[in-house]
Amino acid sequence: MPDARTAAAETSSDGGPSAAERFLNGILPENPTYRQMLGMCPTLAITNGMRSAMTMAGAVLFVLVCANVMVSLIRGLLKPHLRILVFTLTIAAFVTIVDRLLAAYMYAMSKQLGPYVPLIIVNCIIISRCEVCAAKQSVPTAIADAVGQSLGFALGLASIATVREILGAGTWFGLPVLPAAWPAWVIMVLPPGAFITLGLLMGGVNWFLARRQTARG
Amino acid sequence: MEYLSSIILIAISAALINNFVLYYFVGICPFLGVSRRVDMAFGMGCAVTFVISIAAFLSWVLTAFVLRPGAPLASWVWQRLSPGSEGVADLSILNYLVYIFVIASSVQFVEMYLRKFYPPLYKSFGIYLPLITTNCAILFACLEIMKHVSGVPAAEMWDLGRALALAFFGGVGFTLAIVLMAGMREDLELCDVPRALRGPAIALIVSGILAMAFMGFTGVDRNLAALLR
Amino acid sequence: MRNNYIAQAWLVIVLGLVFGGALAGVQAALSDRIAQNKLEEALSQIPALVPGATKEASTEVEVGGARVFRAGAASGQLGWVIPCGRQGFGDRIELLVGVDRGVERITGLYVLEQKETPGLGNKIADARLFRNQFAGKTATRYLVVTKQGAKTDYEIDAITGATISSMAVCGIVNETLGRLRAELLAALPKE
Chain A
1 MPDARTAAAE
11 TSSDGGPSAA
21 ERFLNGILPE
31 NPTYRQMLGM
41 CPTLAITNGM
51 RSAMTMAGAV
61 LFVLVCANVM
71 VSLIRGLLKP
81 HLRILVFTLT
91 IAAFVTIVDR
101 LLAAYMYAMS
111 KQLGPYVPLI
121 IVNCIIISRC
131 EVCAAKQSVP
141 TAIADAVGQS
151 LGFALGLASI
161 ATVREILGAG
171 TWFGLPVLPA
181 AWPAWVIMVL
191 PPGAFITLGL
201 LMGGVNWFLA
211 RRQTARG
Chain B
218 MEYLSSIILI
228 AISAALINNF
238 VLYYFVGICP
248 FLGVSRRVDM
258 AFGMGCAVTF
268 VISIAAFLSW
278 VLTAFVLRPG
288 APLASWVWQR
298 LSPGSEGVAD
308 LSILNYLVYI
318 FVIASSVQFV
328 EMYLRKFYPP
338 LYKSFGIYLP
348 LITTNCAILF
358 ACLEIMKHVS
368 GVPAAEMWDL
378 GRALALAFFG
388 GVGFTLAIVL
398 MAGMREDLEL
408 CDVPRALRGP
418 AIALIVSGIL
428 AMAFMGFTGV
438 DRNLAALLR
Chain C
447 MRNNYIAQAW
457 LVIVLGLVFG
467 GALAGVQAAL
477 SDRIAQNKLE
487 EALSQIPALV
497 PGATKEASTE
507 VEVGGARVFR
517 AGAASGQLGW
527 VIPCGRQGFG
537 DRIELLVGVD
547 RGVERITGLY
557 VLEQKETPGL
567 GNKIADARLF
577 RNQFAGKTAT
587 RYLVVTKQGA
597 KTDYEIDAIT
607 GATISSMAVC
617 GIVNETLGRL
627 RAELLAALPK
637 E
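Going down the list, the protein sequences come from chains A, B and C. Sequential numbering of the first sequence, starting at 1, is according to my numbering. Sequential numbering of the second sequence, starting at 218, is according to my numbering. Sequential numbering of the third sequence, starting at 447, is according to my numbering.
Next up, chain A with everything else stripped away, as it sits in the complex (with noise of 0.2 Å):
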């Protein structure tokens, strides 16, 4: 697969990485869950199932480009001491909104989500993205990075809770897919079962990494 710095050579008028490189990073190269270690939060809580896995994949996509566009738009106004608190507070702002739009419009799934939605104001994604892209790129760029950062995520979510749920509760989002024998592994739903998974499935993309720079070099 060729890497994407390579792929899209043109930078962005600002000197850093363009729209479509950021977009690509995010979703393997720079990826939140194996690749950076971040949000680890919601990535062992949410995941026993697709659907609450997806859904709080999708809250993370809305805060992650709102509060993108918002400090990309304000970025000149931005002081070195203060710039966090902005960010937080920005992001705060938007977790709020898409809580109460779970709770009007998605009611039991924001009941089984509970407190990991507001979890994500602390979600070391969001204040990291809002650092290292928006407050020093574009409007146009921050909404790709985030996209591609929001992509990858939800792709991290969806491998473990894919795990998780076929093993340990035979289906796939709330779909039977393994026959009705299949002894479900309840540890997997469980915490333990979240702490494995995550360390198996890293362990394999290292070794995968691994072996991809060894055969290449």
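No lab work stands behind these hints, which were simulated from the structure alone. Backbone N, C-alpha and C fix where the C-beta goes; we use that ideal spot for every residue, glycine too. A hint or two may mislead.
What the hints assert, rightly or not - Estimated spans, in silico, between C-beta atoms of each pair:
#1 Lys-364/B to Val-186/A: 24 to 34 Å
#2 Gln-112/A to Pro-336/B: 44 to 54 Å
#3 Asp-404/B to Gly-607/C: 47 to 57 Å
#4 Glu-486/C to Pro-286/B: 12 to 22 Å
#5 Tyr-220/B to Glu-131/A: 41 to 51 Å
#6 Lys-111/A to Met-329/B: 34 to 44 Å
#7 Glu-131/A to Ala-633/C: 25 to 35 Å
#8 Glu-486/C to Ser-138/A: 37 to 47 Å
#9 Ala-184/A to Lys-333/B: 49 to 59 Å
Dock chains B and C against chain A, hints included.
Below, chains B and C alone, put in the same frame as chain A:
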């Protein structure tokens, strides 16, 4: 006596049975990042416990008196602004903004305090001290307190004692988990871990086994409640 | 230096005001819908909990300091649906108990929220495995959990491997009915 037993139940529940790290998955980033040496882990745990208690105290006060539906201060101001109106003063939409503000200020306050009175400790923390702001565990404690204070009938509302018990013992549970993890990782460094699993991967697998061990505490709170009744 | 900080803080203050206003708007737009969702949760279960009752003919009232629902039909009030629960930290069970008009018999049970162990304790939410047996049990004396098979109208079969969760549910039902029975009877509409 009933009050004391409810405090004990909350304490044991927060520290052991529903451990913040191993059950609720909050505070994972420092759990994986700072837990390489036992003394650093213990220091981080103490700092987090300290900040969580301050933040919980301030959150409880603000939620109970200003933010929740029908809060005394908000209602008083509302009565002044539009006397005799039917509506209930409800500022709870601002909850998350206020909590994150409180947490950022608490961390700032602790930073200033440490820099003035314990400079070597401040220096040894380095970047990790301001990072406590993004520690999910603190916001999680504030959210749990909000759940039991805001939108709850007056008879069931948690008082300050229960809120502080939850926060402080949640921090104790966090410290316990992070110190246990550090001890195990110190030993892991001497082991022959497969290359793909080195680093955070093996730490996560070991945490899973630790979480399984803590699952042994399930049900202790219910039986303890029956015993204390 | 102090002046500089305050000058720099103007952005934070402006943002605070802007966001405060936006959030107030969101609150105004959505709070009714959210309150309705909460109500729907309980209302939608009423036909299943009190046979013959309909959502439209049921209303929420306050009895004895608790909010309960009069489960009614066109012919009048058929029974009550009482939300009850235990709100510990991490130990959260919320139930809806349906009883008949005279608070003599339980007519149904529904679990709104529970945080029990998946695969074991969370079977209390399952109709066939646990909840259905509540219909027809007495509401005039405390229910007792048994592992030997329920034979009388005040015994409840525990779920295998989830005795504690079963006992928790019965405890909530007992405590709520014991506390509210007299008030419910007093709140019946006069004939």
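Hint check:
For the pair Lys-364/B and Val-186/A, the supplied restraint of 24 to 34 Å holds, since their beta-carbon distance comes to about 26 Å. Separated by about 47 Å at the C-beta atoms, Gln-112/A and Pro-336/B satisfy the suggested range of 44 to 54 Å. Restraint check, Asp-404/B to Gly-607/C: a C-beta distance of roughly 35 Å breaks the suggested window 47 to 57 Å. Between Glu-486/C and Pro-286/B, the C-beta spacing of about 20 Å keeps the proposed range 12 to 22 Å intact.
Here the CB-CB span from Tyr-220/B to Glu-131/A is close to 45 Å, well matched to the stated 41 to 51 Å. Checked against the hint of 34 to 44 Å, the pair Lys-111/A and Met-329/B passes, with Cβ atoms roughly 40 Å apart. Separation of Glu-131/A from Ala-633/C is about 58 Å and departs from the stated range, judged on CB atoms against 25 to 35 Å. For the pair Glu-486/C and Ser-138/A, the supplied restraint of 37 to 47 Å holds, since their beta-carbon distance comes to about 44 Å.
Taken as a hint, the range 49 to 59 Å holds for the pair Ala-184/A and Lys-333/B, whose Cβ atoms sit roughly 56 Å apart.
Hints 3 and 7, counting from the list given before, are not met by this structure.
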